[in-house]
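Chain B: place on chain A using the hints.
Same order as they appear, the protein sequences are chains A and B. All residue numbers for the first sequence refer to the working numbering, where the first residue is 3 and numbers rise by one. All residue numbers for the second sequence refer to the working numbering, where the first residue is 3 and numbers rise by one.
Hint data in this document are derived by calculation from the structure and do not stem from the laboratory. Among the hints, a few may not be true.
Chain copies aren't distinguished; within one or between two, either way the pair holds.
[Said to hold, decoys possible] Computed list of lysine to aspartate or glutamate pairs in EDC-like fashion (alpha-carbon distance at most 16 Å, straight line): (1) K445 - D34; (2) K213 - D28; (3) K119 - E92; (4) K342 - D134; (5) K119 - D444; (6) K257 - E376; (7) K213 - E241; (8) K234 - D164; (9) K234 - E82; (10) K257 - D34; (11) K234 - D209; (12) K257 - D101; (13) K445 - D33; (14) K257 - D33; (15) K445 - E62; (16) K342 - E157; (17) K213 - D107; (18) K213 - E237; (19) K257 - E95; (20) K234 - E137.
Since this is a predicted model, take the numbers as computed values, not measurements.
There are 2 protein chains.
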Amino acid sequence: MTPANDGLTAGTPAPAEDLPVEDLEDLALSDDYALNPAFVEMVVDAADLGNLARLRVLIEALHPADLADLLGFLSRGYREVIVPLLTADELSETLSELDGPLREDVLELVAPENLAKAIGEMESDDAADVVDDLEADRRGQVLAAMSPAHRISIESALSYADETAGRLMQREVLAAPQFWTVGQAIQHIQAGGDDLPELFFDVYVVDPSNKPLGAAPLSLLLRSSPDALLSKIMEPVTEIPVEMDQEEVAYIFDKYHLISAPVVEVGGRLVGQITVDDIVGVIQDESEEDMLALAGVSDRGRSDTIMGVTRSRFWWLLINLGTAILASSVIGVFQDSIAKLAALAVINPIAASMGGNAGTQTVTVVVRALATRELNAANLLAAVWREIAVGVMNGVAFAVVMGAVTEFWFHSPIMALIAGLAMVINLIVAAIAGMLIPLGLDKMGFDPAASSVVFLTTVTDCVGFFSFLGLATLILLHH
Amino acid sequence: MTPANDGLTAGTPAPAEDLPVEDLEDLALSDDYALNPAFVEMVVDAADLGNLARLRVLIEALHPADLADLLGFLSRGYREVIVPLLTADELSETLSELDGPLREDVLELVAPENLAKAIGEMESDDAADVVDDLEADRRGQVLAAMSPAHRISIESALSYADETAGRLMQREVLAAPQFWTVGQAIQHIQAGGDDLPELFFDVYVVDPSNKPLGAAPLSLLLRSSPDALLSKIMEPVTEIPVEMDQEEVAYIFDKYHLISAPVVEVGGRLVGQITVDDIVGVIQDESEEDMLALAGVSDRGRSDTIMGVTRSRFWWLLINLGTAILASSVIGVFQDSIAKLAALAVINPIAASMGGNAGTQTVTVVVRALATRELNAANLLAAVWREIAVGVMNGVAFAVVMGAVTEFWFHSPIMALIAGLAMVINLIVAAIAGMLIPLGLDKMGFDPAASSVVFLTTVTDCVGFFSFLGLATLILLHH
Chain A
3 MTPANDGLTA GTPAPAEDLP VEDLEDLALS DDYALNPAFV EMVVDAADLG
53 NLARLRVLIE ALHPADLADL LGFLSRGYRE VIVPLLTADE LSETLSELDG
103 PLREDVLELV APENLAKAIG EMESDDAADV VDDLEADRRG QVLAAMSPAH
153 RISIESALSY ADETAGRLMQ REVLAAPQFW TVGQAIQHIQ AGGDDLPELF
203 FDVYVVDPSN KPLGAAPLSL LLRSSPDALL SKIMEPVTEI PVEMDQEEVA
253 YIFDKYHLIS APVVEVGGRL VGQITVDDIV GVIQDESEED MLALAGVSDR
303 GRSDTIMGVT RSRFWWLLIN LGTAILASSV IGVFQDSIAK LAALAVINPI
353 AASMGGNAGT QTVTVVVRAL ATRELNAANL LAAVWREIAV GVMNGVAFAV
403 VMGAVTEFWF HSPIMALIAG LAMVINLIVA AIAGMLIPLG LDKMGFDPAA
453 SSVVFLTTVT DCVGFFSFLG LATLILLHH
Chain B
3 MTPANDGLTA GTPAPAEDLP VEDLEDLALS DDYALNPAFV EMVVDAADLG
53 NLARLRVLIE ALHPADLADL LGFLSRGYRE VIVPLLTADE LSETLSELDG
103 PLREDVLELV APENLAKAIG EMESDDAADV VDDLEADRRG QVLAAMSPAH
153 RISIESALSY ADETAGRLMQ REVLAAPQFW TVGQAIQHIQ AGGDDLPELF
203 FDVYVVDPSN KPLGAAPLSL LLRSSPDALL SKIMEPVTEI PVEMDQEEVA
253 YIFDKYHLIS APVVEVGGRL VGQITVDDIV GVIQDESEED MLALAGVSDR
303 GRSDTIMGVT RSRFWWLLIN LGTAILASSV IGVFQDSIAK LAALAVINPI
353 AASMGGNAGT QTVTVVVRAL ATRELNAANL LAAVWREIAV GVMNGVAFAV
403 VMGAVTEFWF HSPIMALIAG LAMVINLIVA AIAGMLIPLG LDKMGFDPAA
453 SSVVFLTTVT DCVGFFSFLG LATLILLHH
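In isolation and in its complexed conformation, chain A is listed as follows:
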């Protein structure tokens, strides 16, 4: 109706309502590529006004990954308004970006026909993940609304355990017989075909029983003579067994810098491929899991309820309370000594605290080295000795510092000696425990990230308190 902007309004930003789509796209993200709060507010305002046309325009300005973020930032009431507005296309891309409780929540808001259509557009790995998140009755509805071919492919993907190569892989894969030439392979791709993945990087060369023999990257294919045999130009591949744990798969991709790898079933036949873009997410998840587990956090989703988060942290804290009480009972043993000399209670926590910190350093290094396989039978002993040597050296250094501080504070050379001795004992114990606890848990098949710190601090608190108060009772009070 009116000209968007003239001399008179220069300097005044145009009201967001009038912004063309390109400007909205720019506005959607702030400088750090995270969703712009101003944009989220525009969505909220449009939803409050019931302006669905406006909401559509805003949604269209977003990349699926940002749309997924938006859904996470909004409360459920707003999601109820926005999710039904999404096309099957937008849904299929956005659902792949979501996970956990948030995805389950979004799935509940989608009509079954629209959902079947959206899942039909996904690659088989993403489709299986989404179907897995559906409740049993809705799963039946959605599967029934699909083409038989699609249903079978999803059901077969779901037959593999969660977090295995079979779940991670896509079944769409480009395989070519070993006797084909480069030209034949290119013609096959140019002819298209439903079995081709949407995006792929390698042609897998297979023998007559469909076992992978090698791979030809597309860039190699394009640069080779059309008459060359695939079996001549192909490069060796690392086969991923279908039942391999995804953490293992990620390790192999990282180690050998793979872009894609063929997945084979028990007999060695090619059943799918895993591409590196799926692995990036796995690597993020696995190291996040370790990091959070070390701190005793098992919840991850933004959309977990306060009750859920409280509960998930409660158990870790309860275990810690148990160990804190156990450590306190060590102090309880020396209650009489403290009654005679209250200064002991003042210095008592220091060696224990230092042991906890030093031991946590060691535990973290070991947990990380186990996860990245930097620590193994070949270098284990050297690593154990190194940690103990570090513990001894820092133990001696801090014994001196601690002795000096105690002497300065309480003017008692004997107490300074005791504090220093307790420090060196506890830092050495911390190094040994910090090494052996995660290694032992790993050996026994437990996750070293999840419980090492609790065991460690129990040891360092008890040893810290016992060595200081015990030495004090022995030397200072019985003489």
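Chain B alone, transformed into the frame defined by chain A:
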């Protein structure tokens, strides 16, 4: 000379000396894809015997990534034997797999001509990294031994700051003018040419001033009609500015599932590309850094000396000693109260320890959420409130538990009340501090992973000791 195996030796494994190369390759790795200790021992034995021919055979059985691991597992004396045996080809691939002090050490063992040749075979990003690790005089020697084109490309890569897109990118990139057809692009690739990267996934479509307009994945190129214009089939690209931090680059790759992205200089001209295989390493490094930093560990290399590790941990422990002494001085204030009632010293550490644990849970979640950008202006306030609510709920729960334990232990309802009050106070303070400390550090431009925990435990120890001993002095001893 003798048949490798006959009926008589069945069941006896052939001595490793006689194993064909394929069997050696199998033997090199154990089931978890880590280097097999038995294989490392074979290398050590061959080196001890000075059997260089045997060492060559063993080296050839290894993938460069495993050869890099082997060099890490061996002591310097063995590296001195093995490194000179490596061909320029093996060196070029192995050096790209190494980093830190180990790479510097290996570089010292390589003859300059061989090194120049090895670097000449690397992609520009890896080559620049290696040259950057050389000491000044060797750098000059090696650069002088290179072709001028190569030298210029490395010097230009080194002109970008460490850990930026400019350093991460490879300069070899396939760009095609927007008016080309698919057929022309394919012909260009088939014609080959030195400017083409060895492995690539996308053709970047550029305008006459060399600014990227879009990209055509090779698989799309192969499936499109040869007559189609690139500008018609191309897909949008996310441009990476050359000065962008690598953590930011990794975030964008992860978020938008990119396989490769064009890197542009200030005017927007295409200067290189980053591929996802480089990003996998960055993601590993960045999350590893955060995880280790949370525990106060700054060393990472396997090959750091014991003195180096001791020193790097010493500073964190010294800071922790300072905060432990500060917390102890809080206890010192209440020395008279403890002298009157030694039981106070027994219960005193519990609330502080629980606060430290609960606060560390919050800090870890916040640090991780900041790193993955899950936490931003749009949802910050909600997240803060959620953590405080969780702190209040767990605070109340543990106040009850703590009160019950104290009553059971010391049969004093007043002491139980005090212990419970101290617990709820400290868990709420822990939630607030655990949230605000990393957010504040981040806001001020510090790394929240590196120092949050120290600040946090200072707060929770001091508040824990002060609230319990203060309340006890106030309620129990002054009445």
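Consistency of the hints with the structure:
{"no.": "1", "hint": "K445 - D34", "verdict": "between (42 Å within a copy, 14 Å between copies)"}
{"no.": "2", "hint": "K213 - D28", "verdict": "neither (48 Å within a copy, 19 Å between copies)"}
{"no.": "3", "hint": "K119 - E92", "verdict": "within (11 Å within a copy, 51 Å between copies)"}
{"no.": "4", "hint": "K342 - D134", "verdict": "neither (65 Å within a copy, 63 Å between copies)"}
{"no.": "5", "hint": "K119 - D444", "verdict": "neither (44 Å within a copy, 43 Å between copies)"}
{"no.": "6", "hint": "K257 - E376", "verdict": "within (11 Å within a copy, 28 Å between copies)"}
{"no.": "7", "hint": "K213 - E241", "verdict": "within (10 Å within a copy, 39 Å between copies)"}
{"no.": "8", "hint": "K234 - D164", "verdict": "neither (37 Å within a copy, 40 Å between copies)"}
{"no.": "9", "hint": "K234 - E82", "verdict": "neither (57 Å within a copy, 37 Å between copies)"}
{"no.": "10", "hint": "K257 - D34", "verdict": "between (30 Å within a copy, 12 Å between copies)"}
{"no.": "11", "hint": "K234 - D209", "verdict": "within (14 Å within a copy, 38 Å between copies)"}
{"no.": "12", "hint": "K257 - D101", "verdict": "between (27 Å within a copy, 14 Å between copies)"}
{"no.": "13", "hint": "K445 - D33", "verdict": "between (46 Å within a copy, 15 Å between copies)"}
{"no.": "14", "hint": "K257 - D33", "verdict": "between (33 Å within a copy, 15 Å between copies)"}
{"no.": "15", "hint": "K445 - E62", "verdict": "neither (51 Å within a copy, 32 Å between copies)"}
{"no.": "16", "hint": "K342 - E157", "verdict": "neither (73 Å within a copy, 71 Å between copies)"}
{"no.": "17", "hint": "K213 - D107", "verdict": "neither (41 Å within a copy, 42 Å between copies)"}
{"no.": "18", "hint": "K213 - E237", "verdict": "within (15 Å within a copy, 34 Å between copies)"}
{"no.": "19", "hint": "K257 - E95", "verdict": "between (29 Å within a copy, 13 Å between copies)"}
{"no.": "20", "hint": "K234 - E137", "verdict": "neither (50 Å within a copy, 42 Å between copies)"}
Checked against the numbered hints given earlier, the structure breaks hints 2, 4, 5, 8, 9, 15, 16, 17 and 20 and satisfies all the rest.
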